[in-house]
Amino acid sequence: MDNITDPITKGELRFCATSLESMLDYARSLLGLNTKIKVLITTLLRKPTVPLQNYTISDIPERIPFSRMITFHTLSYPYAVFYCHTQKSETRLFRISLGAENGDKVKAIAACHMDTSQWDLDHVSFRLLKIEPGSGQACHFFPPDNLVWVSLSA
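Position 16 (the sequence shown) corresponds to 16 in the UniProt record's numbering; numbering is contiguous.
FYI, nobody ran anything at the bench for these hints, they're computed from the structure.
Take the hints with a grain of salt, since some may be wrong.
[What the hints assert, rightly or not] With a Cα cut of at most 27 Å, we get these calculated DSSO-like pairs of lysine-lysine:
(1) 47 x 88
(2) 105 x 47
(3) 130 x 38
(4) 10 x 47
(5) 38 x 107
(6) 36 x 130
[As the list claims (entries may be wrong)] With beta-carbon atoms standing in for the labels, derived distance ranges:
(7) 13 x 103: 39 to 45 Å
(8) 152 x 43: 15 to 21 Å
(9) 67 x 139: 18 to 24 Å
Glycine is no exception: its CB is placed at the ideal position from the N, C-alpha and C atoms.
Please work from the sequences and hints to get the whole structure.
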């Protein structure tokens, strides 16, 4: 639950979903009842045989158009708990083909946060990327158990 207690970014909304029904209700409340919604996930094209390995981008990333996005990250609990959030700052979504050292293949969903100027100074991305708030974009892949809900209407 660390993410839920982290400082909130300006324009960010957070929610903790404890069932698929509460996840759907939350998504519909933010994206709209009559909005066309698509759920995106990272897909393992073959069950990995190695738990950790290096991956290489194997094709040109496909940008995914959307008007609004909500992400649902699974939390480690003995029952379904999702950390859900959305941000108003510009984010770009991509579907990226990855190839692993041993031949495993993944169709990954990735997000690039274009404006990090409002993020907390202690955000882990700044330490990993060696940047400061507002000085660059922060991009990441979603694990296979995360859901990205996007609104397709304008």
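Against the structure, the hints:
1. 47 x 88: Violated. Residue 47 to residue 88 sits at ~35 Å, over the 27 Å cutoff.
2. 105 x 47: holds (9 Å)
3. 130 x 38: violated (34 Å)
4. 10 x 47: violated (39 Å)
5. 38 x 107: Judged against 27 Å, a Cα distance of about 16 Å means the pair holds.
6. 36 x 130: Violated. Residue 36 to residue 130 sits at ~38 Å, over the 27 Å cutoff.
7. 13 x 103: 39 to 45 Å: holds (40 Å)
8. 152 x 43: 15 to 21 Å: This hint holds: roughly 19 Å between Cβ atoms.
9. 67 x 139: 18 to 24 Å: About 20 Å separates the Cβ atoms of residue 67 and residue 139, which means 18 to 24 Å holds.
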